[in-house]
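**Student:** Chain by chain, the residues run as shown.
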Amino acid sequence: MAAPSVNGHTQEFEELAGLAALDVLDGPERDRFEAHAAGCERCRVIVRLDRQTLRGLSLAAPPMDPSPDFKQRLMQRAADELAKRQTGDPAAPAAPPTPAEPAAPAVAEPPARAPVAGPAPAPVAPTPLRPPGRVIPFRRQRAWLTALAAVLVLGLGSLGVLSYMNQVVATYSLSSPGVPGTATVIVHRSGQAELRMDGVPDPGPGFVYEAWIIHPGQAPVAAGTLTSGQGSVGLDGSVRGTTVAITKEATPVPPGPSSQPIMATAVES
Amino acid sequence: MSGPAAAPSPELADLEALYDAYHRQAIGLAYRLLGDLGDAEEVVQEVFLAAWRAGHTYDPARGSMHTWILSMVRNRSIDVLRARKRRPVQPLAEGVDPPDVSDVPAEAASNVDAESARRALNTLPPEQKQVIEMAYFGGLSHTEIATQLAAPIGTVKGRIRLGLDRLRTALGVPQDALQML
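Quick mapping for you: the protein sequence lines, in order, are chains B and H.
If you're matching positions, the first sequence starts at 1 in the working numbering and goes up one per residue.
If you're matching positions, the second sequence starts at 270 in the working numbering and goes up one per residue.
FYI, nobody ran anything at the bench for these hints, they're computed from the structure.
Positions of the beta carbon are idealized from the N, C-alpha and C atoms, including for glycine.
Honestly, I wouldn't trust all of these hints.
Which residues of chain H face chain B? A few of them, derived with a C-beta cut under 7 Å, are [said to hold, decoys possible]:
hint	residue
1	Leu281
2	Ala290
3	Gln294
4	Gly297
5	Tyr300
6	Arg301
7	Glu310
8	Arg343
9	Arg353
10	Met403
11	Ala404
12	Ile422
13	Lys426
14	Arg435
15	Thr438
Please build the complete structure, drawing on both the sequences and the hints.
**Tutor:** Shown next as structure tokens:
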């Protein structure tokens, strides 16, 4: 059914509505569409429905696992935030002063004490206004901070390199119509790869799943076994240009595959 | 006399429940958009923290939280893509809204599972699927798509419109509101 003409409504505005829902509309076109949509209910409804459609489309991307420490980093950041929030609570004990706060001299003199009659008091150590550990001559302090910064930079640099090399650059799904669950070959930037199985029924007592790397024209090379349908196994060596397959084997495992693969995938070279 | 009571801090357990329920799909979407796991994790971390700070909790009965999180992931990933291209970022009003559980059509769309979403995408003619994917997963504008495909802008706009209409039907998004107009 044709839409009633409202506020100069044309098919072009319906096209712009889709672009607005995708959030790829900008510049004068965006302004023109917004001015029109303000008085056109049909366009507003189309944007809303298109956004709902696109929300469904967000599920089309294949699920993927993050780096092994990702959850820990996320939870740590949340815990830090929570701790800060609690420290900022007015009912909470006052936070210790920050290093920049005290206006006292850098090195305090012991307070003058009047002589006290009676038994000699136990010797009392002079109480500096700042903890002794914080009194560092400027030159030494600078050297110490430089060393600390160097250590931090080295540490963070190493972490960064590790994180970079651990990035996933490709994933390949192994599938078989008759086998529930998923299996995925995950290739990292470093070239290392792993096979991850998720939700595949356990092989049963006396059986394991065995991963095989098959180079073109060569015999399958055993890459590792899994005793359940949930877990991962590292794939040694480059898997590029190979076929990765999984068979179900009785233990002890034979030197070569004894049955047809239950799942397999070709990895691009 | 004490002042007004502070709002209770969200529990870490809430965040963990949200994470456990949705992180694989969120990472998958961000990675599909950004092509870099480091960037994808950064985006997903911010989205989960934002949801947690806003007090959202995991409720299996509310599928809308799933699609809301994925919408946030997509929006922030697009911001990253645009920053890479040094394109000005347009703030997205939708991205900051909490999920609307009273929105029945949205609920219906949120009940779409991954398999039916992929199937719906595959029902599109290749030329429509291509432009929808470039816009949705690539964050490309219609003019950028037209340039990349060496196609007229009008053609790209038309394909996107037709593709969205087909997807809407394939995903079962109720269209009553539109048919009444």
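**Student:** Does each hint hold? Answer for all of them.
**Tutor:** Against the structure, the hints:
1. Among the interface hints, the one on Leu281 (chain H) holds; its C-beta lies about 6 Å from the nearest C-beta in chain B, closer than the 7 Å criterion.
2. Violation of the interface hint for Ala290 (chain H) is found here, the shortest Cβ-Cβ separation to chain B being roughly 12 Å, above the 7 Å cut-off.
3. The interface hint given for Gln294 (chain H) is met, as the beta carbon of that residue sits about 5 Å from the closest beta carbon of chain B, less than 7 Å.
4. Against a cut-off of 7 Å between C-beta atoms, the interface hint on Gly297 (chain H) holds, since the closest Cβ of chain B lies about 4 Å away.
5. Given hint, Tyr300 (chain H) at the interface with chain B, holds; its Cβ is 5 Å from that chain's nearest Cβ, closer than 7 Å.
6. About 4 Å separates the beta-carbon of Arg301 (chain H) from the nearest beta-carbon of chain B, less than 7 Å, and the hint is met.
7. At about 5 Å, the closest approach between the beta carbon of Glu310 (chain H) and any beta carbon in chain B falls short of 7 Å, and the interface hint on this residue holds.
8. At its closest, the beta carbon of Arg343 (chain H) sits 6 Å from a beta carbon of chain B; the interface hint therefore holds under the 7 Å criterion.
9. Proximity of Arg353 (chain H) to chain B is violated relative to the hint, the smallest CB-CB distance being about 15 Å (cut-off 7 Å).
10. With 7 Å as the threshold, the beta carbon of Met403 (chain H) stays out of range of chain B, its nearest partner Cβ sitting at about 9 Å, so the hint is violated.
11. With 7 Å as the threshold, the beta carbon of Ala404 (chain H) comes within range of chain B, its nearest partner Cβ sitting at about 5 Å, so the hint holds.
12. Residue-level restraint check for Ile422 (chain H) is violated (minimum Cβ-Cβ distance to chain B is 10 Å; threshold 7 Å).
13. The criterion of a C-beta within 7 Å of any C-beta in chain B is met by Lys426 (chain H), whose closest approach is roughly 4 Å, and the hint holds.
14. With a cut of 7 Å, the hint placing Arg435 (chain H) at the interface with chain B is violated, because the nearest CB-to-CB distance is about 10 Å.
15. Here the hint on Thr438 (chain H) is broken, as its CB sits about 9 Å from the closest CB of chain B, past 7 Å.
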